[in-house]
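K.L.:
First to last, the sequence lines map onto chains A and B.
Sequential numbering from 285 applies to the first sequence in the working numbering.
Sequential numbering from 285 applies to the second sequence in the working numbering.
Hints in this document: simulated from the structure, not taken from any laboratory.
Misleading hints may appear alongside valid ones.
[What the hints assert, rightly or not] Each pair of labels, with its calculated beta carbon distance range:
id	chain 1	residue 1	chain 2	residue 2	range
1	A	Ala335	B	Asp312	19 to 25 Å
2	B	Met295	A	Ser338	24 to 30 Å
3	B	Lys489	A	Leu421	53 to 59 Å
4	B	Lys608	A	Ser520	40 to 46 Å
5	B	Thr307	A	Ala335	21 to 27 Å
Cβ atoms here follow ideal geometry from the backbone N, Cα and C, with glycine treated the same way.
Number of protein chains: 2
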Amino acid sequence: MDRPNIQKINMLSSDFKKQYLRTLANCDNSLFRHPQRTMTERLQSLLPLAAQYSEADCYGQGELVNEFEQQVAAMLGHEAALFLPSGTMAQTMALRIWAEKKHCNQVAFHPTSHLQLHEQNAYQVLHGLDSCLVGKLNEVINRADLDTIHIPLAALLLELPMREIGGQLPTWKELEAQQKWAKSQGIALHLDGARLWSCSEYYQKTLAEIGSLFDSVYVSFYKDLDGIAGAMLTGSAEFIDEARIWTRRLGGNLITLFPDILAAKQGLTDNIPLMPDFVAKAATIAKLFNQHFPTHTIPLCPPCNLFHLVIEQSAKELMPKVMKWSEQYNMALLPLPRTQTDTSCRFEISIGQNALKVSNHDWQKAIASFAHDIILD
Amino acid sequence: MDRPNIQKINMLSSDFKKQYLRTLANCDNSLFRHPQRTMTERLQSLLPLAAQYSEADCYGQGELVNEFEQQVAAMLGHEAALFLPSGTMAQTMALRIWAEKKHCNQVAFHPTSHLQLHEQNAYQVLHGLDSCLVGKLNEVINRADLDTIHIPLAALLLELPMREIGGQLPTWKELEAQQKWAKSQGIALHLDGARLWSCSEYYQKTLAEIGSLFDSVYVSFYKDLDGIAGAMLTGSAEFIDEARIWTRRLGGNLITLFPDILAAKQGLTDNIPLMPDFVAKAATIAKLFNQHFPTHTIPLCPPCNLFHLVIEQSAKELMPKVMKWSEQYNMALLPLPRTQTDTSCRFEISIGQNALKVSNHDWQKAIASFAHDIILD
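Using the sequences and the accompanying hints, generate a full structural model.
P.N.:
Structural data, given as C-alpha cells:
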C-alpha cells in the first residue's frame with residue numbers, strides 16, 4: 285500500500301525539468317495558481333504589513349503571531365490556533381496528541397494521505413503510531429468505508445479536498461455522517477485542510493461551519509494562499525497547549541517566524557475573497573478540457589479550485605512538445621506531470637490569480653489549439 | 285537532575301518585563317549583541333543578497349541553499365551540510381541517527397545541555413533515546429568524567445562554548461583527549477556549536493580544525509550571527525543524506541526557507557570577521573565588571589564572547605533600579621536575568637556589534653557608575 289497511486293516512473297531528465305520550468309516561468313500567461321515572484325518581490329511585498337507591528341514574534345509569542353492565530357481559529361470555528369513551520373509537523377503532532385489522549389496508537393486515513401505518501405513514515409517511526417488505511421484508492425472516504433474498521437482508533441483523518449485524487453470532496457451529508465460516527469465511537473476527527481480554503485463554495489458553508497465538524501484542523505498558507513511557508517493547527521485551547529509542547533519537541537518553536545507569518549496573513553487577506561472566482565474558473569476550465577480533450581478531468585466537475593488531467597502519452601514523448609507549444613503561445617498550460625506511467629501523464633491544476641487574468645474565450649482558444657497541436661496530432 | 289541550574293523562581297511580572305525590554309530597546313547604547321532591528325529593517329537588509337539569486341530554495345534544493353550548505357560544511361571541516369529551521373531539530377536528529385547507526389539508544393551530554401533543559405525531553409519522548417548525564421554541574425566536561433560512564437553509548441554531545449555555565453571552554457588538550465576516547469570506544473562525537481563562531485580565538489584553531497574533531501556539528505545563525513532563525517547540521521555525506529530523511533519526518537523540509545537562509549548567509553559574512561573583536565571586548569568588559577563589582581564574572585576570564593554575571597540581590601529589588609539607571613544613562617547594561625534565586629540574579633552577556641560601538645573608557649565609566657549607584661549603594 286506504500287505510495288499507492290504515485291508512480292515512481294520518471295522519464296524526464298533533471299535538465300529537461302529545469303528547462304521546462306524556466307520556459308513556464310517566462311510565459312506571460314499561466315493557468316497555475318499565482319504570479320511567480322522573485323525573492324526580492326516577495327520581501328518587498330511584506331513591507332507594508334511589517335510596518336504595522338512594533339515587533340516580531342518571539343518563540344511563538346507576541347501580537348503579530350497571537351492575533352493571527354486568534355483570527356484563523358475564529359475563521360475555522362475553533363477556540364485556539366498555533367502557527368507552525370509545516371503541515372507535516374502540524375498533522376503528525378495532532379495525531380500524536382489524540383493517540384495519547386485516547387490511549388490508543390492507531391489512527392485512520394486514506395491511502396493517498398500525505399502522511400502515507402510524503403512524510404517518510406514519520407507517524408510510525410517518530411510517533412509510534414499505526415495506520416489503518418481506509419477508503420478506496422481513487423475515491424473519497426464514505427460512511428460505509430468506516431464500517432470496515434474493526435480496530436480501536438484514536439483518530440480519523442479526513443482531507444478536504446483530497447489532493448491526490450484531483451480535489452474530490454465528499455457531500456456535506458457524508459461528512460456529517462462520518463462526524464457522527466467518529467463522535468459515537470469517541471474517535472477524534474482531524475482535518476487535513478491544506479487546501480480547505482476553496483471548499484466553502486461547494487458546501488455553501490462557512491469555513492467555521494466546516495471546521496466545527498472536526499476536533500482539530502490543519503490549514504496551509506503557501507499553497508492556495510500564496511504565502512512563503514507555514515501552517516496553522518486549530519482546536520480547543522487544551523489541545524493547542526499540548527501542541528505547543530510538541531512544537532518545542534519537534535524543533536518548530538523558532539525564535540521568530542515573522543516572514544512566514546507576515547506572508548501568510550497577507551496571503552489570507554488577498555486570496556480568501558477570490559476563492560469563489562477561483563472555484564468558478566476551475567469549473568469553466570475543466571469543462572473546456574473536457575470539451576477538447578479525449579480524456580476527462582478528475583473529477584469531471586471540480587467542486588473546488590483543483591483538478592487533475594490525464595494525457596495518454598508518455599512524458600518523454602509529450603513534454604518536449606508541450607514545452608515547444610508553451611514557448612510558441614507564451615502560455616503555461618501544463619505543469620510538470622505529478623505522476624507518470626509508461627504511457628500516460630497526470631497533471632495537477634490549481635487555479636488562482638493567474639487563471640483569472642485570461643478570459644474564458646482566450647482559455648477556450650488556447651485549450652483547443654493545445655488539443656489540436658499536441659493531443660489529437 | 286531536571287533543569288538542574290535553572291531556577292524556576294521568577295519574581296518579575298510579565299508587565300515589568302515588557303516595560304524593561306522596551307526601556308532597553310530605547311537606549312542608544314547597549315552591551316548586548318547586535319543592534320535591534322524592526323521587521324522592516326530586517327526585510328530590507330535582505331534585498332541586496334536576494335537580488336543575486338534567480339530563485340528561492342525549494343524543499344531543500346537550489347543554488348541558494350546548496351551553495352550555502354557547501355560553504356558552511358567547508359568552514360567546519362565537514363563533507364556535507366543541511367540547513368534546518370532549528371537547533372532542536374538538528375541535534376535530536378543527529379543523536380537519533382547515531383543511535384540507529386550504533387544500534388544503541390544511549391547518548392551522553394552535560395546536565396546543562398539544551399537537550400536536557402529546553403526541549404521538553406524530545407530526545408526521550410520523540411526519539412526513544414536515554415540520556416547519560418556526564419560532568420559536574422558548573423564545570424566543563426573533562427576526560428576523567430568520561431571514565432565514570434559505564435554504559436554503552438551511541439554518541440557523546442559536547443557543547444562549545446557551554447552556554448549555561450557562562451561560555452566556558454575545555455582546553456584543546458582536553459578536547460583532543462575526549463575525541464580520542466570517543467573514537468577508541470566507537471562512540472560518535474557530536475558538537476553543539478550554537479555559539480561556536482567565537483571559539484577560534486581561544487583555541488587558536490580554525491573552525492574547520494575544531495569541527496574536524498567531531499563526527500557531526502550543529503551551528504546556529506540567529507544568535508551571534510544576527511540571522512533571523514535557522515541552523516546547520518554538518519557531517520559526512522552519508523550522515524547528511526540520513527538527516528534529510530529525518531528532516532522530512534520532523535516537518536523541517538519546507539517548501540522554502542529563503543528569508544532565513546539569506547539572513548544567515550548575510551549574518552555569517554558580516555559577523556565572522558568581527559569575532560576576534562567580540563572576544564577581545566568580552567574579556568575587557570568582564571575585567572571591568574570584576575574591578576567594580578563585588579562578585580566576579582563566570583568565567584573570570586571569558587574565553588569567547590560570552591560570560592555570566594551574578595548580582596546578589598533579588599530580581600524584585602534589583603531590576604526596577606536597573607531600569608531607572610538604564611533610562612537615566614541611556615544605556616542597556618543588563619538584560620533580564622537568565623536565572624534567579626530568592627537573593628540573586630544571574631545575567632548572560634553576549635558581546636557583538638553593539639559593545640564595539642562604545643569605547644573601553646566609556647564602558648569603564650558606565651560600569652563604575654552602575655556599581656556605585658546600584659550594587660554598592
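K.L.:
Confirm or reject each hint.
P.N.:
We went through each hint and held it up to the structure:
Remark: the range hint 19 to 25 Å for Ala335(A) to Asp312(B) is upheld by a beta-carbon distance near 22 Å. Evaluation of the 24 to 30 Å hint for Met295(B) and Ser338(A) yields a pass: the beta carbon distance comes to about 26 Å. Checking the proposed 53 to 59 Å range against Lys489(B) and Leu421(A) shows it holds: the Cβ atoms sit about 58 Å from each other. Taking 40 to 46 Å as the suggested C-beta distance range, the pair Lys608(B) and Ser520(A) conforms, at roughly 43 Å.
Here the CB-CB span from Thr307(B) to Ala335(A) is close to 23 Å, well matched to the stated 21 to 27 Å.
Against the hints set out earlier in the document, no violation occurs for any number.
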